[in-house]
Every structure is written in structure tokens, then in C-alpha cells.
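Start from chain A and add chain B according to the hints.
In order, the protein sequence lines correspond to chains A and B.
Each residue of the first sequence is one higher than the last, beginning at 1 in the UniProt record's numbering.
Each residue of the second sequence is one higher than the last, beginning at 1 in the UniProt record's numbering.
Think of the hints as simulated: they come from the structure by calculation, not from any bench.
Predicted, not measured: the structure shown is a model, and the values here were computed from it.
All C-beta atoms in this analysis are idealised placements derived from N, C-alpha and C, irrespective of residue type, glycine included.
It cannot be assumed that every hint is accurate.
Computed footprint of chain A on chain B, listed as stretches where at least three residues anywhere in the stretch have a Cβ under 8 angstroms from a Cβ of chain A [what the hints assert, rightly or not]:
hint, segment
1, 144 to 156
2, 186 to 193
3, 342 to 355
4, 384 to 394
5, 415 to 429
6, 439 to 451
2 protein chains.
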Amino acid sequence: MAAPSPALLDSLAALLGPKGFTRDCDAMTPWLTDWRGRFHGRAAALIAPATREEVAQAVRLCASGGVPLVPQGGNTSMVGGATPDASGHALILSLRRMNRIRSLDPEANLAVCEAGVVLANLHEAAQAAGRRFPLSLAAKGSATVGGLVSTNAGGTQVLRFGNMRRLVQGIEAVLPDGSLFDGLTALRKDNRGYDLTQLMIGAEGTLGIVTAASLKLVPAIGSRVVAWVGLATPVAALALLRQLEDRMGGAVESFELVPQGALDLVLAHIPGTRPPLARRHEWHALVEAAAPVGAPSPEPALVEALGAGELVEDAVIAASEAQADAFWRLRESIAEAEKQDGPAVKHDISVAVPDMPGFLVEAAAAVERDFPGVRVNAFGHLGDGNIHFNVRAPAGTDAGWIEGAGAEVSHRVYDLVTAAGGSISAEHGIGQMKLGEFARLGGAARLAALRAIKGALDPAGIMNPGKLVPPPPLAENRRLS
Amino acid sequence: MAAPSPALLDSLAALLGPKGFTRDCDAMTPWLTDWRGRFHGRAAALIAPATREEVAQAVRLCASGGVPLVPQGGNTSMVGGATPDASGHALILSLRRMNRIRSLDPEANLAVCEAGVVLANLHEAAQAAGRRFPLSLAAKGSATVGGLVSTNAGGTQVLRFGNMRRLVQGIEAVLPDGSLFDGLTALRKDNRGYDLTQLMIGAEGTLGIVTAASLKLVPAIGSRVVAWVGLATPVAALALLRQLEDRMGGAVESFELVPQGALDLVLAHIPGTRPPLARRHEWHALVEAAAPVGAPSPEPALVEALGAGELVEDAVIAASEAQADAFWRLRESIAEAEKQDGPAVKHDISVAVPDMPGFLVEAAAAVERDFPGVRVNAFGHLGDGNIHFNVRAPAGTDAGWIEGAGAEVSHRVYDLVTAAGGSISAEHGIGQMKLGEFARLGGAARLAALRAIKGALDPAGIMNPGKLVPPPPLAENRRLS
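Same shape as in the complex, but just chain A:
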């Protein structure tokens, strides 16, 4: 890979015009650091094509010069997936100008969106048509369709509707040689070989640039009900989830597990919060159920289902939208409260759903035994087998702990997850942040296959280099050179 030549930069500037090409430092700076401020890079220019044809031409120019491209949407990666390296050779390819919803068909339950469409804007457009795009996450005001596709994003509604992989019906993409793959037509059945749409989902821009996607819509929400539930164990929590699903069909949209310790952190650090239940419980669940417009409210069914059996220690149904929002605020403030309390290392991990209750308890015990003083704070999407397994530093430790002992804690957590057959990245991806752990734990067959696919589709290695695909081990490097 090479720095772009002046001639190449001139060609790109001519192709894309002043709105689509800049080397201005002030204009580029915000896009050279990830939003959490942990990764910093440099770039030779920022390009922002307005059409797929401009993307294709820009990619062809860069391919001919061996110049690396870092695709970027809302720049909300959790793993440094959209930040260039320090060489300054790369171009940032922003999709933000391709922000058109090409079509939105409520009859067919389908929206065709360009890569730069911001998630919140898609939500609004769907709502206006009596429909809903059933994926949401905290960064919805910035995150774009292209980034959501390329990271196989999840969020709080995965339990019912699945992650992006389930919601994407087709994509349009520019491949690393500049050719256009048109897979936008939403075919429910298509057996013409390897599924390139599925291959590009979650590829983090390392196999090409997603320029548009056909996305599945569902009926708009007519009514919702939110409950806060006190429970004795994670086993009881999962049993409750199964009971709710059996009795309420697909109405349960969210089921978030919260330990008492996490709730205590929120109550201690976040102003205006109060405990939802009168007594303390070892574990809690935040449950949301929804029904489409015209259908009866899910509230009576939820009340009845929560009352059945012996699983629930205590429960309260939000009496208003304001109280429902307050319950959600408790859940969504855990990360902020934890941060205010002191240093912690965070792990976005998954295991098979039935294994999660046992894993939670046993892995927490193992980590707290091996690293005296640390406190595990594990919470999140129990029904997806996806927990934020955070480990807080011993009381009084300063932030330097994260890079030192914290890194050893992370090794141990990822070892435990791998031994349980789980994933070291449930929803955030690998990016540059998890590249080392992925190389260590990804498994020889998987890593070799990923490298082979990357090498085949992007032989010059220009697409988002240094992300997702670990370089071969040193010995192999030597043999190749």
C-alpha cells in the first residue's frame, strides 16, 4: 500500500468536486479519532462521493494506485473500526452524502436506503408510513445504514427481530476492484451460489464498500408495556423469559438483565434515579413488550405471565410513558455510572443462550478469585446470550489499571468465553481494538479462511487495512517474503 500520488489526488478532486474532496485539516480532524477517543489516525484526504458510480470510480482510482481506503459512516464504531492508521497514506471514504432513502414500500415492508442514511432518519420515515425499522441503538442519531450493515449491528430489539443480518434483504456494494455488485432486489429465495450479501454483512468494510441496502420493515408499534422485575438468579431470569415467550408469543421485544450491584452504581451516581422496587433483589430484569397498531395492548398478558409460577420475587409495571422511560434510563445509565465509579475493563461477549446463566455465575467467580479485589458487573441482553461482562478495578485503583492488570483480566475473560464455545465479540465487531485477541483465540481454521477470503477479494489489501482480519503469524510472514 502506498500514499496517494499528487496526480491521484488531483483525479479524485476532479471526479468528486469540492463537496466530495477535502484535505483541509479542520474538516478532516473530527473523522481521524473514534468517538470514544481511544484511536487516532491520519489521512491523506477525505472523500465523499455522492453516487455509487462515484464510489466505483474512486475505488478504481485507488486500486490502480494501491492506496488504502477507510470507509466511514457515522464514526460510531466501538472498536476503532473506522479510524485510519498513523501512516497518513489512507483516504477516508465517507458515505455521508449518499443519504437518500431510495424507496420505502409499506405494502412490501421494505426500505431501500443508501449507505449514508442516519438510523434515526430511517426510523422517522418508517413511522410516517405506518411501519418501523426494528433495530435501535444509542448512537441512532449518528450511525448510518452502511455502518450498521458492515458491523452487523445489534441493539435492544434483537431478541424479537434479530440483528442486521436478519433485517438486510439485499445490498449494493462496490467491490475492491471497483466493480458494482447489485444484490439489492429483495429476493426471498435465491440460490445462485455463495451469498455475497451475507458475506459483506459484518465485514467491516474490508471486502468492499456497501453503498445501499434493502431493509425489512415491520408494523409500527401501537402500544407498549415496560416492567421491572426482581429475581433471585440468572437461571430464574432465563426461565422467566421462556415463560413470557411461551405465553406472549412474539410480543416480548426486550429482556435486559441487571444485577443489584449495577443498579446500586446507577442510584449512587446518576442524579434523579430511584429504585423501582421496594426491596433489594440479587438480580433484576427490564422487560418490554409491544403490540402493533390495532392490536390489543400486551399489558394484561404481561401482568398475567409475570404472576404465574414462583419465579418472580417482585415486579412493577410502568404506569406511564415517563415511568417506562425512567426504567429504561436505569438500564442505559449503567455504563456511565460505572465510569464515574472508577476504572473497568469491558467485554462484549456471547455464549449459547442456555449456557449464559451458568457462565455468568461461574466466570464471575473465577475472575474475582483470580484477581482479588475486582468486581464483575455483568448485565445486558440475556435473551441473546450477549452480556456486557465488565470487570471493575479494585476500589481506589487509578486508570492505569486498565492497561496493566486490566489487560490480564481481559485475557482471562476471553479465555473463559472461548472455552465455553462463545464469541469474544458479540455485537461490536473486531475493528482494530480486538485484533490481537482475535488472532490469539479465533482458531486456525477460521482465521485461515478469513485471510484467504480477504486476500482473494482484496488482493492489494486496500480496503480498511488493519481491521478485522489478523495478519498471518510471523513465521508465515517470513515464508511469504
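Leaving out everything else, chain B in the frame of chain A:
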């Protein structure tokens, strides 16, 4: 690729034992021809490993000798996908001995099956546990899990539950270098790079050997209701399907479109059949809805939904299981009746669901105009956008028509499908039968990507050669040599 050396054959015989290795002509013959009798091949031996380790060792031996392998399950491919070529160099690798259901967990709704498990046996095991594997097709007594995964099989319940791609939670596979990819753990969230499980689904054995799969189960059926409906147009049929889905949620499992002409063929050629409705209708729909054990029967809701609005010209609900079976027999006898009536060319095609009613009418008119005397007989899975677009020869034509004028008709049909953004293979795959049409119409970007992936993961080209991935055009071949 090379014929296996005597030493290699000896090694395989020693590895696999007499149950796992044969060169006996009588033993091999049934597996050298596809079940429809259109493709014939030769093989140097038939091997049948009993474990994934034996598969891995056999693949390593063949890789070292550059010997091609043709994986085979129930040998029920519709496109010659499991039949070796005429060279006699290949080994047939049968998965039939790996027929164990490793686990079946009704709580987790998950079955882990080895590749050789026959679909009907999985149905029985799930039923015994109060669950159901919601994919079925005519060949269920022979088709195996490995073949169903490798062809991304569909069937009659795709409308509600999707095809194999939706039902496979993870796979275990031996890659072309003999390494084992263990992706069996059913993780609902896993963002560790390119999804190799999705890549292997529908790869027709060209990227490795699927040895086991984790499969999703659903609650067993408690009650079902089957209706036969008379309709004026395909537009009315699709509108009726949407109406049923809106009013009955997920209860509608099948919605098969049948033109009057197809029903006439069945009534003329299949003994014991009778028309379900008193009068003739241009189009018909066979509808099945189902409810799980313990839930109310879907019959009242179906009766009410069929009665609403003006779409339905006439309808009858099956009064007994025998009558329900008789309705299904009408649908399932269309292919046989058509065959008895005379020669026809068949096309397993799809377009976007909302486009199918228009496509059906316009493509039929175009083909009947361009090829005087032919009669389009198009029927099938309207709700999936997947129709068997068959074209019957002019009356009195002999079977030679299929290879002559029939081939021109097929070109025209595939051209029309491609122009409509559809697929020339909705559910049967490419195999060897559709390789030429796929090369002609697959599109440069898609074909180049498929070839690159195939070359990267199977550089020696030993995995099911001559299937699915069209060879590069002649000019490119010359450059390479």
C-alpha cells in the same frame, strides 16, 4: 486434478475400513446417476467416513494427491449437484454413515445433527420431543441434513419459517485443506468477521464438507386447517395472502398458487382426483394455517379472513384430514400430470414478491407470443416470489423438443427473470445443470467474486469440481495458461 494413485486408495481403505471404502461396481452404481436420471458419472471409489475426524483425514489425503471429492447425502439434487463427472478421477464422499442426532434440546429449541441424518428422521425425533423442524420437501425420506444445508433447501413452509439459511444456527465443516471449522455453538450474536456458516450454506460442497449442523426447532403443530380458494388473478391472490397475514399473524404456513390449466392437467391425468370447487376459476390458492399444541385452532380465523372483502370468488375448507391431504395431492401432482401430458421445460425462478403477479402474467404472454403453440404452466410458492415457471411444448410435439426449441424457450425465460432483477435458481441451486445459464447471466461482479472465493478456499479445486462456480471465460483461461 488427478486420479487417485493406488497408494492413496490403499491409505483411504486402511483409514476407513470395509464399511467406509468400496470400489465395488454394484455398490457404487446407484450413486453415479442423479435420481432424475439426467446426469451420469464415474468414480474411482466411494468413501463413507463415520466421524468428522475420518472426513478430515480423508480430505487431507485427497488434498495431498489433488484428487477431487464429490460430497453426497441422499443424492436428491435437482441440478446434478452430487453426480461426479465422466473422468472417473473423483471419489464420492458419502455422509450417510454420519447419521447421529448428537443432541435435541426442546427447551433451547435446538437439534445438533450430523450431515447424514435423513430429514424424515429429524422430523420424527423432533415430534417425539414436542417440537418440529419446520422445513419439509418431497424428498424428505432420502434428503440429508448435509445436503439440505449445502443447497440452502426450501420447501413448502418457507413462507413462515424461511429456508435453511434461516434455520441453521451453526455448522461444523471440514475445509478443503482438511482443517476443521467448528461453528456448531448456536450463538445468537457473533461478530467475529465473515460469517463462514452463511458462506457454507448453499455452497453445494464446493468450499468444504459440512459434517454437522445446529438446527432451530419450533413448537409442534397442534391443529391445522387447509383451504382451497378460487381467485380471478395473481394480483388478487397476493392481496389475499397479505390479508390473511395481517389478520392471522404468523399462522399461515403455506400459500400455493395454482392456475386452472394446471388443475385441469391433474384432473385429466391423475386417477381419483376431483375439482375442489363447483365452478372454474382462472386461478386457485391452496392455503394451510397451523397452530401449536395448546393454542386454539386457526380455522375460525381463516374462515373469517377468507370471508372479508371481495378478493375470494369461492372457497372451501377441508372438512377432514383426508380432504386436506386430497387438496395437497392436487398441488403435488401437477408435475406428474404435466409430464404425462407431454414434454415441458421447467424453471425454478424467483423475483421480488410484489413483482411476481405482474411477472407471471407478462412473462407468460411474452413467451407464448414468441414461441407459438407453447403453453406456460406457472404455479407454486407465490408468497416467496418463487414460481415453477414451466413451459409445455406445442401439442403433439415429441420429447426431442426439450433439447431443441425448449432450450431457446429457457434462454428467453431466464432473460426475462434476469431483466426483472430475479434469480434463475430460487431453491434448486446451480449444480452442473444451470452452470451455462449462470455463466451467461450471473453478472461480472458476482461471478468474479465467486471464482475468487472458490480459488482462495480450494486452490487445488478438489471440492465438487464442475458445480456451481462457472469456469472463467475462455479468453481469461488462455491468459492463465
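Those earlier numbered hints the structure runs against, lowest number first: Nothing - there is no hint that the structure violates, so all of them hold.
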